[in-house]
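Residue numbers (our numbering), protein chains in the order written: chain A, 99 to 424; chain B, 212 to 726.
Derived by calculation from the structure, the hints in this document are not laboratory data. Just so you know, not all the hints are guaranteed correct.
[Claimed, not checked] Label pairs and their in silico Cβ distance ranges: (1) B:GLU472 to A:ILE265: 53 to 63 Å; (2) B:SER328 to A:PHE128: 37 to 47 Å; (3) A:LEU129 to B:LYS593: 53 to 63 Å; (4) B:ASP360 to A:ARG170: 31 to 41 Å; (5) A:ALA172 to B:ASP344: 30 to 40 Å; (6) B:GLU425 to A:ALA172: 52 to 62 Å; (7) B:GLY566 to A:ILE265: 48 to 58 Å.
[Said to hold, decoys possible] Derived pair list, reagent style EDC-like, types lysine to aspartate or glutamate, alpha-carbon separation capped at 20 Å: (8) B:LYS343 to A:GLU255; (9) B:LYS343 to A:GLU165; (10) A:LYS269 to B:GLU472; (11) B:LYS640 to A:GLU157; (12) A:LYS269 to B:ASP503; (13) A:LYS269 to B:ASP474; (14) B:LYS649 to B:ASP503.
[Unchecked claim] Residues from chain A that keep clear of chain B, each with C-beta distances beyond 12 Å, as calculated: (15) LYS111; (16) VAL120; (17) LEU124; (18) PHE135; (19) VAL137; (20) PRO142; (21) ILE201; (22) PRO333; (23) MET398; (24) ALA415.
Here a beta-carbon is modelled for each residue, glycine too, at the ideal position from N, C-alpha and C.
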Amino acid sequence: MSAPAETPSSMAKLAPLIIKRVLSSLLTLFLVSLVIFTVSGLLPGDAAQEVLGQSATPEQVAALRHEMGLDRPAHLRYVTWLGGIVRGDPGMSYVANMPVSQIISDRLPNSLTLAGITAVISTVLALIIGISSAINRGGRLDSALNVTTLSLVAMPEFLIATLGVLIFSVKLLWLPSIAMVTPEAGWSAMLRSMALPVFSLTCVVVAQMARMTRAAVADQLDRPYVEMARLKGVPFSRIVLFHVMPNAVGPVVNAMALSLSYLMGGAIIVETIFNFPGLASLMVNAVTSRDMPLLQSCAMIFCATYLALMLVADIVAILANPRLRA
Amino acid sequence: MLIGGDLSRRSLIGAGLAGAGLLALSGCGGGERKSTPRRGGGIRVATQAASTADTLDPAKGALATDYTRHFMLYNGLTCIEDESLVPRPSLAKSFESADRITWHFELQRGVRFHDGSELTAQDVVFSLLRHKDPAVGSKMATIAAQFADVRSDGRYGVTIRLTGANADLPTILAQSHFLVVRAGQNAPDGNGTGAFRLAEFQPGVRTVVVRNEEYWIPGRPHLERVELIAIPDEVSRVNALLSGDIQLCNAVNPRSTRRIEADPRYATMATPSALFTDLIMRQDQLPTGNPDFVQAVKLMIDRPLIKRALFRNYATIANDQPIAPFQRYFNPDLPQTVLDLDKARWHVQRAGLTGVRMPIFAATAAEGSVDMASIMQEYGSKVGLNFAVNRVPADGYWSTHWMRHPMTFGNCNPRPTADLIFSLFFDSKADWNESGWKNERFDRLLIEARGEADEARRGELYGEMQRIVHDKCGVAIPVFINLLDGHDRRLKGLRPVPLGAFMGYRFAEYAWWED
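Same shape as in the complex, but just chain B (with noise of 0.2 Å):
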């Protein structure tokens, strides 16, 4: 998701395999039978965390528990439904832009919350400008800085003006944070557009929704009833599916997926997802500040191996930037990092740090990176480095830990857009700029291409970024983790969304049970 609060990144973690899912889909089975949505049936979801801060209020979501929630609940302007991560549009039928800074949004007729109330341009217009309020501690308050102005366009017309251009606006609104709430509702209570209406909401223990009958799109909701708990424990989770207490679950652990295709009557689903485990190398320190020790950390890491044995094949190899092979505006034309010692040792030997002792701050909250430490350690000895591996608690890893020294692991959700994770992570004034690097030229590209209506030449804009933070960045990213939700096969539906699990936490709307 667009956030990376503390508590989002431990939320998503993952692997797998795009098989029994994917023929679950309705229609694509080939020489299956086809197999058409049937209404009915109540399910229960296992998401991993849940927390007393758990919310119904979209912008202060956290976790996958919150996105899923959110997202049966209320509507946002646009949606994405399916793996070409292509905005569509959703409660506004048409939006349009010439420039890119202004844009307008149509909105939907009939359209009904809950309570009965109509849905008007009013209420798009406070829900997207209560994330500038401080008061309201939204997730996106930094995305929502852009806004420099939103206003009403008659009943049902909404005018958003940007503070610069920026082509990826309808994406944006298509995160769970920026879903729809009625005007006037300071703490949102769960009185949506959705899909579902709330039965029961007890926050860090389960949220109860049944289907809207009203609901504007015809012929959705399918599941009468969906009942969301979160199971922290791993196999606990995995017991519950396999035992019929949960339908549905995410965040299962590779090491898993052989249980549960072992039994006929569950499935696994992985998504392919640009989730990835990162090394920080601090730029504005020494030694890892030098480019030729970054140059030997990217060349000794042997991402075939990361990728068989920490995540059972369940990943994509990586190459340094965070673009992932499936994503739009991959640039296919870099050269792939190969293990290569005898040049690692080269580079340690030209900087002159043969023999050094650095110690690598490691902790389960950055999935994999305790393991990925430990073969660091092993092939660090090999060229002459002496890394130790610090294994730090995960609570409270990301505001004591994470780039506070030289080298340290970080953990990054998949974004919807190539602008979104490059600004957040990757520009020199980003809060997350991890490793602390600056490059002015790339800088300037990301200005240029988020403004850019020119399909081809925003490609050979955020290709060359690519290349840049591959060739001079500190961070070396070795695989993109993939996402891997368990289900009964009874649930039909399910399609793998990049953006995360459960259809990129939206399920609910599309899924059906099947008896």
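Just chain A, with the same shape it has in the complex (with noise of 0.2 Å):
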């Protein structure tokens, strides 16, 4: 049961299904939103005591306050920083003076960058992985593989950074032990920069999503679509790429969508050992200064990417697989 020819009737019935899920991920989101204004508000201690410090006097407490506008209700702060997000203008922080978009769009492209190239790379190693390690089961390579992305997984990725800083910053002096990313540096500074904080972002995300590849192609293997083609005389390759991969493709996607959500907002160790200028240690950065239009936009963001990167996965999910259009 290879993917069937698309006929109009099911490209029709395509489209209100892919609606509803971009829908009810919007409202995953205006949701999330909510939890993210109401948990922010329960930290202890407020973003006029951080900036005041500990000398401040209740009179100047009372005053940064109330030009923070802290001081109104919580619905319209909620309702008034919601309808700032839609329009694409988070608000100025608290702390630094300045537009929260200014601060972060500095941050973004890091981020994103980091999480792109660490992408690209996990991605096209757990396909391999996965896939050569599903062919192969129970053979020498699938052992090796097996025991490879298991301690992989199993390894926390402070570890891998340490571990990666010692051999190749401090004994070998190869790569820089913290990226510095700068605007003026060519493409080879901060390749190299990069290098470390991408190779332990990958060995993180790289086991599971071949874990996952791995699962899903050698329970295609089984079926019996695979022993008719063999049967028919089609070549093991064409099988695995043309058969399998596109019955396959739905948790894969789903399984790489759920490593890669994690490079957004999860790096947060890595950023911490490579003192990396990203998303999330701006985020915590905001947590522990209070500074809450900060926290709460990159919140959205992290939240936003995450839902964005399931979305993507159902859809490809259901155009891959037409049982699931019911």
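From the two separate chains plus the hints, produce the assembled complex.
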């Protein structure tokens, strides 16, 4: 049952399905915004206290709170904030005295580059590892890859990153131990300083993606249609690429979307170890300084990325597997 | 530094041993070849914290990164150059006061800001008065409250009248917060009279400065370029030093010194400082307000153990009062409190507190406090006190736990004068009177000493205040913690200044690079 030719009627059925998914994602995002707003309000202290420090008098704090609008009722603040987000204006940072959009636009490209390079490398690697270990099931290559991916999954990223630094930076002096991303640096300098962060993140996500790929492909290889194709004399490589992969693509893309969404927000440990100026460390920073506009914007970006990736994965799965369209 | 804001407390940790750093001092190497400062070279420096709150406004400085940045860009009326902590003229070529209430400062002539305009009394008056403006949000607002009047006296003279006598004004003005910005600049942008010009500033990421060719002090600075970044993770910071990505960093953990010293290319510089982590016993609550309880706790602290186990000997044993042995006005006649469990048990019994259960709140925000609390728990069980260690998150510790429970830990940065540490933390009315103790005699002595011109008499007054704090106050100070910097051995001219890391944050003006 390889992907059948699309008929007009099945395409027509598809559009409302996808629209429904998009709408439910938007609804989720709205609910998420409520949660973010409520939870961030639970943090002890507020930006006025953090900005003024401990020597602040109560009058100073009250005045600053009023200036920041922190004394307004929560639902009003929420509506103003959400309205701003929808218009694409997340407001002013309480702490840095700069528009949040500007702070984020300084950091977002860094995070996207890191996530992008890691995503490309790890996706390719994961597909190669997953497929080759699935088709060699039980073989020596499969066991070797199994052991490697399992131990990588089990290894915490700070250990991988620290070992990477100790070997490549401190001992061999090949690569910088901290990522110094400057706008004027050329591509080669940039790639050099990104090498270790990308390496650490790849180790973490590639293992999971490869495991999922292997499972999905192996599951398909056991199906009768594969046996039928083999009996008919279809070359094995063709079976894998054109018969098995379209059917395995749903779970594989899902696993990849999960791993990739992790790259945006979950990279905090790698960002800390390599001092990488990305969004995750910016958000941690915003938490400690109670810079709510910045914190909430970062959280929204992470959640939106996550939902977008999940949406893409769902749509790909629907496109690839006609049975999901019912 | 002078201020004790939430972040600045965390900004200073470390300990160390004066070794290689001292030897690197120019001309002090005994038989070593004398090296002369050489011009040129660029270095990258890492501190332990930076955030989007990073600022170019000296008044708002809250972290080591801020202080270091401000000292590169701006100058103060006075400065502190060495371990004697005696304030010296800087932008003011002289200062004088007959009664320590009215002070006159005569400015240097021909000093120019980076934009070319000349420094005048207007700029100084503006820079000092803005601390009193609540809209500025100065970290020094409470200190600046004692400026009754600041006015210009001709083009190059400034007169400051205080609300009360204060012999320490020149020292106070040497703090990074009181550096001089140009008149009219409500949001200073780095345009100062300092040794370096601002080339790039990205809050939370990096600051780049380049040598100011027209710097008004001839022969300084030596470095062409300094890049200031922050690497919050200590292991990463040390790794960055050892891999040559940075040439200087602060807040090295004593555990990392062996790694650094093992490589002949790198060294550590220890700065004995008056930084301390103290155990606070609130005097307005029971049982911590009971004098016998306080005595018992002071007697059950194993100071040598804390010094050795927690700080690997990169610390100085303290005696429950905040003036360190190497500081001016230290009173050497106070008997050192030593571990005496029998006496402690006796005090506990006399107070009728045997078997009482007491929570101690500790967080990594106060350096070493979690381990100290565990040691207290261990020794407490031997004298009949049942301490429970409540380890709480570092984030928000200062606003939600510090001073709020009967027993918490505090952490206090080195201050340049005895008056500041006593006024900020031990005066009955002080905001940070940590243990909430009240002692009228102490308060009277504090005001008297502040205006006292006779040094010997001042020493006596501060000596007695140390005795009162040692005997009666509800804080226990086990050790003073050394500050520890790591640096590339090719970076010369560094020497410890007990006010903070990086030569009291002013290394950039003195250091030079030797290839």
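So, going through the hints one by one against the coordinates:
The hint said 53 to 63 Å for the Cβ distance between B:GLU472 and A:ILE265, and at roughly 21 Å that hint is violated. Between B:SER328 and A:PHE128 the beta carbons are some 54 Å apart, a value that contradicts the proposed interval 37 to 47 Å. As the Cβ distance of A:LEU129 to B:LYS593 is approximately 55 Å, the hint placing it in 53 to 63 Å holds. The beta-carbon spacing between B:ASP360 and A:ARG170, approximately 39 Å, falls within the hinted interval of 31 to 41 Å.
About 31 Å separates the C-beta atoms of A:ALA172 and B:ASP344, a value consistent with the hinted range of 30 to 40 Å. Distance hint check for B:GLU425 and A:ALA172: the Cβ-Cβ separation is about 54 Å, which falls inside the suggested range of 52 to 62 Å. Between B:GLY566 and A:ILE265, the C-beta spacing of about 54 Å keeps the proposed range 48 to 58 Å intact. Simply put, B:LYS343 and A:GLU255 have alpha-carbon atoms about 49 Å apart, too far for the 20 Å limit, and the pair is violated.
With a C-alpha separation of about 19 Å, the suggested pair B:LYS343 and A:GLU165 falls inside the 20 Å cut-off, and the hint holds. For the given pair, A:LYS269 sits about 15 Å from B:GLU472 by alpha-carbon distance, which is consistent with the 20 Å threshold. Under the criterion of a C-alpha separation no larger than 20 Å, the hint pairing B:LYS640 with A:GLU157 is consistent with the structure, at around 18 Å. Annotation: proposed proximity of A:LYS269 to B:ASP503 is violated, straight-line Cα distance about 56 Å (limit 20 Å).
For the hint linking A:LYS269 to B:ASP474, the alpha-carbon distance of about 11 Å falls within 20 Å, and the restraint holds. Between the alpha carbons of B:LYS649 and B:ASP503 the distance comes to roughly 17 Å, so the proposed pair stays at or under 20 Å and holds. No beta-carbon of chain B comes within 12 Å of the beta-carbon of A:LYS111; the shortest separation is about 49 Å. For A:VAL120, the shortest C-beta to C-beta distance to chain B comes to about 34 Å, beyond the 12 Å cut-off, and the non-interface label holds.
No Cβ of chain B comes within 12 Å of the Cβ of A:LEU124; the nearest lies about 30 Å off, and the non-interface call holds. At roughly 19 Å from the closest C-beta of chain B, the C-beta of A:PHE135 stays outside 12 Å, upholding its exclusion from the interface. Distance check on A:VAL137: its Cβ is at least 15 Å (rounded) from any Cβ of chain B, clearing the 12 Å threshold; non-interface status holds. With a cut of 12 Å on Cβ distances, A:PRO142 falls inside the contact zone with chain B, its closest approach being about 5 Å.
Remark: the non-interface label on A:ILE201 conflicts with the geometry, its nearest Cβ contact in chain B lying 6 Å away (cut-off 12 Å). No Cβ of chain B approaches the Cβ of A:PRO333 within 12 Å, the least distance being about 50 Å, so the stated non-interface status holds. No beta-carbon of chain B is positioned within 12 Å of the beta-carbon of A:MET398; the least distance is around 17 Å. For A:ALA415, the shortest C-beta to C-beta distance to chain B comes to about 39 Å, beyond the 12 Å cut-off, and the non-interface label holds.
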